[in-house]
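Novice: Sequence:
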Amino acid sequence: MERRSMIRPHRLFLSLITWLGILSIAACQNFCPARCLCHFNEIDKLVACSKQGLQTFPENISNLVEKLDLSSNLLSEVSEDVNRLTELLSLNLARNRLTSLPSNLGQLKKLMMLNLSENQIASIIDIASTSQLSSLAYLYISRNPLPTLEGLTSVLKVMDASHCLIKELGNTTLNGLSNLTSLNLAGNPLESVRKPVSAKLRSLDMSDCNLNILEPDTFTRLPGLEELRLVNNPKLVYCTRYATIQHPRLKRLDVSRCRLDRPGLHGFPSLTFARLSHNAINMLPNRIFAKNKQLTQLYMDVNHLHSINASTFEGLTKLQMLDLSMNNINYVHEFALRESISLRVLNLSYNELQTLPRLTTTVMSLDVSSNKISKLKANSLENMPAIRNLYLKNNELQVLPRHLKATTLRILDLERNRLVGLYNESFADLRSLQQIDLSGNRLTEAINPDIFVNNSLLSAIGLEDNPWRCDCTPLYITYQFLTDPPAKTAKSTLLCQSPANVSGFSWEAACFDVWNRYSLPSSHKAAWGVVLVGVLISFILFGSLMSIRYTIRMRRRADEHLRNLERMEVIERLQIIQARHHRANEEQQERLERLERSERAERPAEPRIHPLELIGPPTYEEAVHMPRMVHSMDALNEIVVETGNVNVIMGSVDNLRMKKRRTRRARKRTQSEDDLLRREERRQVRLRRERNSIGNILDVEQPRDNANPRNPRTSTARRSRRYSVADESIESSGSRDRPQTPNARRRKRKQVVRREHVTDDEDSDAPTFGSVRSVVIRQLKEEPRSGYRE
1 MERRSMIRPH RLFLSLITWL GILSIAACQN FCPARCLCHF NEIDKLVACS KQGLQTFPEN
61 ISNLVEKLDL SSNLLSEVSE DVNRLTELLS LNLARNRLTS LPSNLGQLKK LMMLNLSENQ
121 IASIIDIAST SQLSSLAYLY ISRNPLPTLE GLTSVLKVMD ASHCLIKELG NTTLNGLSNL
181 TSLNLAGNPL ESVRKPVSAK LRSLDMSDCN LNILEPDTFT RLPGLEELRL VNNPKLVYCT
241 RYATIQHPRL KRLDVSRCRL DRPGLHGFPS LTFARLSHNA INMLPNRIFA KNKQLTQLYM
301 DVNHLHSINA STFEGLTKLQ MLDLSMNNIN YVHEFALRES ISLRVLNLSY NELQTLPRLT
361 TTVMSLDVSS NKISKLKANS LENMPAIRNL YLKNNELQVL PRHLKATTLR ILDLERNRLV
421 GLYNESFADL RSLQQIDLSG NRLTEAINPD IFVNNSLLSA IGLEDNPWRC DCTPLYITYQ
481 FLTDPPAKTA KSTLLCQSPA NVSGFSWEAA CFDVWNRYSL PSSHKAAWGV VLVGVLISFI
541 LFGSLMSIRY TIRMRRRADE HLRNLERMEV IERLQIIQAR HHRANEEQQE RLERLERSER
601 AERPAEPRIH PLELIGPPTY EEAVHMPRMV HSMDALNEIV VETGNVNVIM GSVDNLRMKK
661 RRTRRARKRT QSEDDLLRRE ERRQVRLRRE RNSIGNILDV EQPRDNANPR NPRTSTARRS
721 RRYSVADESI ESSGSRDRPQ TPNARRRKRK QVVRREHVTD DEDSDAPTFG SVRSVVIRQL
781 KEEPRSGYRE
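Residue numbers (the UniProt record's numbering): 1 to 790.
Do not take every clue at face value.
[To be verified] Listed below are the simulated DSS-like cross-link pairs for lysine-lysine, each with C-alpha atoms no more than 30 Å apart in a straight line:
no.	residue 1	residue 2
1	K377	K488
2	K405	K488
3	K157	K51
4	K393	K375
5	K200	K293
6	K393	K405
7	K51	K67
8	K200	K109
9	K235	K167
10	K200	K251
11	K405	K377
12	K488	K393
13	K195	K157
14	K251	K291
15	K291	K195
16	K157	K109
17	K375	K488
18	K251	K318
19	K200	K110
20	K405	K318
21	K51	K109
22	K157	K251
23	K51	K110
[Said to hold, decoys possible] The calculated label-pair distances, taken between Cβ atoms and stated as ranges, are:
no.	residue 1	residue 2	range
24	A509	G534	19 to 27 Å
25	I341	R442	35 to 43 Å
26	L595	A558	51 to 59 Å
27	R194	K51	35 to 43 Å
28	V514	I451	22 to 30 Å
By construction, these hints were calculated from the structure, which means they are not laboratory data. Glycine included, each C-beta is placed from N, C-alpha and C at the ideal position.
Build out the structure end to end from the sequences listed, making use of the hints.
Specialist: Quick look at the structure:
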């Protein structure tokens, strides 16, 4: 129990530390500078701010960053805030406007790579603080206006100071760089090298400089030097007749493009790689490489060599690669490479050889392309027991020897020669032959397959770009040999040139009709069977696919039809429900109307006031006792009182007022003063006529009233009331001089005559005006607007 109690706090402490670390990382991710990309989840925690146009050193950079990229910006200085990035391993400040570094960089103890290329640093003093970087291994200060490296102190191992303004490499230049192993000074205006001192320097690059003369002891104080590059120094001279540059441990030397007239390699006994390309070497004396016994690769292409003597390469027992291409060599001695027992690749292309040299060597790949070889002897390859690849393209061969002996030859390239035919025994002794290229020659006749009867391993034959004459009968056997599986050539490369009617056609297209006359071999029958089976299978698959598509289409149609039927059923059901609701509403409306009529019939009669008894507007009590109108106001346009044979037309006051209000509309057009005067005259005439007609009616009725002298007051009152109603109707009808609306005209054309009492007092007990007298509601005729009247 005590042990468990001691373990638990320890585990809690570890988990707490872990969570704090995770939270700190998450918190640091939130402090990513503007315009930058932060990758804290990767193995190397990177902050990339390249090509963002930054003018000042970014702030809020996480302390956990390991790689910081600020290249291609506009920085002119680096703040001392960089010292808090204690975990920084790589700092890229290339392509900015820096002129110096902060004076204090002591906190960056883990910084291993610093890139200051393409800035404006003009003095080593401005970057002297690099000496405080205890872990610095790589420093890049190329393309800065630095005149010298004198005074630079650091523990770095690799420095790139290329394309600066350094003119001299003195004996004290590298004193402060004790751990330096690689120095690149390429592209500087370097003119002299004065015995620099460095105990650990292994690689030195002084290419593209202005070096002139190098003394024999120039690099003797660089005991660890193994690689030296002096490419493209046109004025370089390091070897004379009496002395040459020396170094006992140098292994790789590249002095191409320096216009050297001699190799001068005898001062490097440990040399394994030498490149002397693109120089002016025109002669190789005997045993010139005798002291380079460790040399394995020698490149002397693009020089001015004419011949190779028997003892030129004597002593190069470990030589494996020899490149003598692009020279003017027209002769190579038979025993020139006899001692190069390790030679594997020999390149003699682009020279002036007219015959294939009968070399004695262990070479495995021989390239003699682009020469002037027109003859090839049968025993040319006898002394090359390990030959595997022979490249003879771009030569002038017209005929191959009958028995070319090379039991190990695998690849034979005869491309772009002048071969016009092949002998049956040409390849009989090439039993290991696997590939042969005969394209670009002048072959016209069909090739007899018996030529390759002994080449059982042959798998590829190149025959394109030949002027084939398509005689289909003999060509068929060749075609069958070349295309039978496994095919040795592509069918599309076999093209006819003659006769003219099939020029440009493939063999198969040109000879299709002729070849089909003969019975096809079993292999072709099998091929046709396979084709037929494939066509049948494809037809079955196509039919199956179409049937499946048809089934799916029919199923979709059936589903759509079912959906339409269901939709129609729903619509019909809704219509039935709506019809039911409509009938129920109509029945309920009829029921309500019946109830209303029954209630109206059972309602007691109310006291009515006859409208003729009203001289003026009714009072409030009279209006309350008056019943509601059964008929609409349109039936009360006129009141006609029939007395005997005379009809008296009286307009209802309320009706006349309503018509007057309805006719109060804006005139559609203005009338002149003369029209108004004529209209007023016609109105006065009409009024006089109506008054005369009313007077005649009253005169006729007066005797009847006089016959009843019992009630003189009643006749006088009725007469006065009749006069007042008639006058009001005449005045109201005469006052309607405004134009009527179309709806009013249309209503006035209809004449409604009711032979029943339809006035407001139809149920009243007021006495009538006579037994034959009745009240008729009729619409007055409208006076024509033109003034004419019937």
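Novice: Now tell me, hint by hint, if it's right for this structure.
Specialist: Going down the list of hints, with the structure as the test:
1. K377 <-> K488: 27 Å, holds
2. K405 <-> K488: 23 Å, holds
3. K157 <-> K51: 29 Å, holds
4. K393 <-> K375: OK: K393 and K375 at ~13 Å, within 30 Å.
5. K200 <-> K293: 25 Å, holds
6. K393 <-> K405: Cα-Cα ~19 Å, so holds.
7. K51 <-> K67: This hinted pair holds, its Cα atoms lying about 16 Å apart.
8. K200 <-> K109: Distance ~23 Å between K200 and K109 Cα, so the pair holds.
9. K235 <-> K167: Status holds; Cα separation ~15 Å.
10. K200 <-> K251: Given pair K200, K251 holds - Cα atoms ~15 Å apart, limit 30 Å.
11. K405 <-> K377: Judged against 30 Å, a Cα distance of about 10 Å means the pair holds.
12. K488 <-> K393: 20 Å, holds
13. K195 <-> K157: Cα-Cα ~20 Å, so holds.
14. K251 <-> K291: Holds - the C-alpha atoms of K291 and K251 are around 13 Å apart, at most 30 Å.
15. K291 <-> K195: Cα-Cα ~24 Å, so holds.
16. K157 <-> K109: 16 Å, holds
17. K375 <-> K488: 27 Å, holds
18. K251 <-> K318: 14 Å, holds
19. K200 <-> K110: Answer holds: K200 to K110 is near 23 Å, not above 30 Å.
20. K405 <-> K318: Distance of about 27 Å is within 30 Å: holds.
21. K51 <-> K109: 27 Å, holds
22. K157 <-> K251: 20 Å, holds
23. K51 <-> K110: Holds, at roughly 26 Å.
24. A509 <-> G534: 19 to 27 Å: For A509 and G534 the Cβ distance comes to about 22 Å; the hint holds.
25. I341 <-> R442: 35 to 43 Å: The hint (35 to 43 Å, Cβ to Cβ) holds, given that I341 and R442 are roughly 40 Å apart.
26. L595 <-> A558: 51 to 59 Å: Holds, at about 56 Å.
27. R194 <-> K51: 35 to 43 Å: 41 Å, holds
28. V514 <-> I451: 22 to 30 Å: Roughly 24 Å apart at Cβ, these two residues keep to the hinted range, so it holds.
Violated hints are absent here; each numbered hint is respected by the structure.
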